[in-house]
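There are 2 protein chains.
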Amino acid sequence: MAEDFLRDAIKDIKDYIPGKTPQKRGVIKLASNENPFGPSPKSLAAIEKAAKNLQVYPDQKSILLREALAKKFRVSFDQVIVGNGSDELMQLAAAAFLRPGEEVIIPEHTFSLYEFVARLFDGKPVFVPLKGLEQDLDAMLKAVTQKTKMVFLCSPHNPTGSIITRKAFHEFLQKLPKNVLVTIDEAYAEFAEDKTLPESLSYVLEGRNVMVLRTFSKFYGLAGLRCGYGFAPAELIKYMFRVKPPFNVNRLAQAGALAALEDTAFLKMTYKNNLEGKKYLYAELDKLGLSYKKTEANFILINIKYPADELFLKLMGAGVIIRPLTSFGLPQAIRVSIGTKEQNKKLMASLEKAIS
Amino acid sequence: MAEDFLRDAIKDIKDYIPGKTPQKRGVIKLASNENPFGPSPKSLAAIEKAAKNLQVYPDQKSILLREALAKKFRVSFDQVIVGNGSDELMQLAAAAFLRPGEEVIIPEHTFSLYEFVARLFDGKPVFVPLKGLEQDLDAMLKAVTQKTKMVFLCSPHNPTGSIITRKAFHEFLQKLPKNVLVTIDEAYAEFAEDKTLPESLSYVLEGRNVMVLRTFSKFYGLAGLRCGYGFAPAELIKYMFRVKPPFNVNRLAQAGALAALEDTAFLKMTYKNNLEGKKYLYAELDKLGLSYKKTEANFILINIKYPADELFLKLMGAGVIIRPLTSFGLPQAIRVSIGTKEQNKKLMASLEKAIS
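Chains A and B, in that order, are what the protein sequence lines are.
The numbering used here puts the first residue of the first sequence at 1, with every later residue one more than the last.
The numbering used here puts the first residue of the second sequence at 1, with every later residue one more than the last.
A couple of the hints might just be wrong.
Copies of the same chain look alike in the list, so a pair counts if it works inside one copy or between any two.
[Unchecked claim] Listed below are the simulated BS3-like cross-link pairs for lysine-lysine, each with C-alpha atoms no more than 27 Å apart in a straight line: (1) K42 - K305; (2) K147 - K294; (3) K49 - K341; (4) K314 - K49; (5) K72 - K279; (6) K61 - K147; (7) K147 - K11; (8) K52 - K20.
Hints in this document: simulated from the structure, not taken from any laboratory.
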């Protein structure tokens with residue numbers, strides 16, 4: 001193939017490295033921050049019902065789901081968009097707004113999709129180092145140039161679990177030029193204990209160039225269904241719709257997500273289990289003398305003394321799949337999802353054995 | 001919003017116009033070429049089973065489904081890709097290969113997604129008129145320039161129902177420069193009676209720049225599930241994977257599509273019903289003296305004497321939703337999907353009344 005057969009952009013795009021999936025029974029996966037209780041039961045019932053009409057194209061505007069989200073989050077219908085996972089929404093924003101050569105500020109050691117969408121539309125990713133495993137908003141502000149078009153923030157941050165505080169986010173927006181689009185990825189927000197999360201939606205309501213991303217993949221236990229949602233001022237949403245493939249969100253995702261929103265019992269159980277699991281894991285990690293980062297999400301970053309890829313293999317041998325953070329640029333750290341009580345126990349027992 | 005906040009490309013992108021969906025009971029939809037028998041029952045069973053693990057991310061490479069497709073179509077695994085609908089595969093091809101300003105040759109009066117993906121990646125659509133409602137391959141060859149990168153063909157063609165013959169396709173490829181990528185969209189191929197369909201896969205096997213697109217949306221009755229598949233030489237597939245969002249095809253789509261492939265009884269029934277419906281509709285249209293195009297798909301293009309949008313409204317009033325071809329640039333034609341016996345009867349009764 002001639003070199004110039006390819007778009008220039010794709011030469012710098014790297015393969016995505018997913019969490020490994022168990023191939024054997026009895027192996028537990030704590031690698032992709034999935035809900036250990038499975039999908040919401042209300043969701044399953046809604047999916048079964050919706051499947052009967054699966055020959056029909058999905059609603060291309062996801063109207064029922066967007067109405068429910070608008071009501072729940074107290075925004076207007078035209079400030080909501082639904083995607084085939086929230087990663088699609090990042091891509092739509094880039095497709096609508098990112099002009100070739102414009103800069104996209106991204107924290108180092110983060111979810112790789114931010115870089116992917118920037119490169120896909122010929123943008124220039126500008127990475128800003130973390131400071132003590134936290135996103136360094138001051139340094140990100142300093143990275144702003146005339147060519148900056150977008151900033152990606154992640155709160156709670158994958159893979160560190162730390163949040164950007166309400167105050168820090170507010171000050172950041174005060175200082176950031178208004179023509180820069182800030183995408184704040186809140187995929188894990190429902191797990192947070194800290195009540196000082198950014199009031200990100202208030203900026204959407206004000207009409208700032210802010211896009212807030214949420215997902216049904218984590219808290220709602222629907223990663224396999226692919227459904228994410230986003231909030232932004234109506235004018236931004238309008239242009240994202242224009243670059244959206246017509247039938248991006250399948251019928252079952254629209255139905256399953258809608259039902260999951262109302263599954264209060266399941267959501268309470270998920271929150272409580274995560275909180276208890278976190279406390280248990282903190283205590284056990286302290287006993288082992290391992291250093292870790294306190295988390296507001298459903299995973300914990302643990303610093304280890306030797307290569308994460310080696311520990312990954314050892315643990316996989318013991319039937320526990322975790323995420324080595326090598327692909328995040330942290331080759332001596334792992335990320336473990338908080339599981340059920342039993343899973344957490346098995347994780348800690350295997351970890352203790354592996355590092356001793 | 002400042003004009004230069006937007007990507008230039010999106011200024012020329014038009015909204016997609018979908019088939020209308022019934023809002024009332026008893027209304028039949030013959031507007032989107034969906035399977036009138038609903039989804040394959042084997043598919044539904046597989047979906048229900050797969051839903052139990054919906055908290056887990058989908059296989060990002062759709063391995064089981066691609067293996068089954070490779071086996072069925074006698075190509076190798078690395079020549080197959082699966083997408084969130086086949087429209088996603090068109091988009092991946094553009095994302096991987098279409099350089100800004102390169103030309104994309106598209107038949108006039110066709111599925112609007114070809115133009116959409118060309119514009120999305122800053123390509124230049126070049127429209128070639130049909131000739132007697134058939135794709136004019138000679139004229140398309142004449143439209144080739146140094147800047148031509150892609151050609152979209154559709155066979156059977158939406159919305160006319162005509163195929164490109166094996167011989168015509170072969171001669172086209174003989175004359176086309178080898179560095180031009182030909183995408184042949186075969187979304188309706190399973191319905192064709194004509195045995196002279198192009199041997200499109202043989203060119204993939206030869207390593208020509210040919211991509212063959214198929215879908216589970218039509219014949220398999222799974223439009224709501226979003227699952228399309230494509231065949232191309234392994235080197236092209238490799239680059240399409242690189243620009244693919246990691247979890248593009250949801251778990252239920254992978255499971256449902258896999259099961260549908262094996263639902264022989266359902267597929268036979270679908271084929272037979274379509275053939276019989278086609279003959280019935282031809283006979284009834286002849287009685288009414290309406291001119292139509294013989295079809296190799298599951299829909300018929302009918303020429304009418306007055307505005308299609310008006311007929312659409314009349315028929316909707318009578319409880320039948322059809323597709324006016326105004327958005328395809330054919331304001332005096334409609335496209336009707338072939339339904340069940342009862343649906344076809346209702347269509348013809350309503351049509352007779354509407355035009356009398």
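Margin query: Within a copy, between copies, both or neither: which one fits K49 and K341 at a CA-CA cutoff of 27 Å?
Written below: Between copies only: 26 Å across chains, 32 Å inside a chain, cut-off 27 Å.
Notebook entry, point to check: Within a copy, between copies, both or neither: where do K314 and K49 come within 27 Å Cα-Cα?
Noted result: neither (43 Å within a copy, 32 Å between copies)
Next item on the list: First find the shortest C-alpha distance between K72 and K279 inside one copy, then the shortest across copies, and answer within, between, both or neither for a cut-off of 27 Å.
Entry: Classified as neither: same-chain Cα gap 30 Å, cross-chain 51 Å, threshold 27 Å.
Check: For K61 vs K147, is the C-alpha pair at or below 27 Å within one copy, between two copies, both, or neither?
Finding: neither (33 Å within a copy, 36 Å between copies)
Next item on the list: Go through the copies and call it for K147 and K11: within, between, both or neither, with a Cα cutoff of 27 Å.
Entry: both (22 Å within a copy, 21 Å between copies)
Notebook entry, point to check: Are the CA atoms of K147 and K294 at most 27 Å apart within a copy, between copies, both, or neither?
Noted result: neither (35 Å within a copy, 55 Å between copies)
Checklist line | Up to 27 Å CA-CA - K305 versus K42, copy category | finding: For K42 and K305, neither the intra-copy (43 Å) nor the inter-copy (51 Å) Cα distance is at most 27 Å.
Next item on the list: State whether the alpha carbon distance between K52 and K20 is at most 27 Å within one copy, between copies, both, or neither.
Entry: Classified as between: cross-chain Cα gap 19 Å, same-chain 33 Å, threshold 27 Å.
In this structure, the earlier hints numbered 1, 2, 4, 5, 6 are contradicted, and the remaining ones agree with it.
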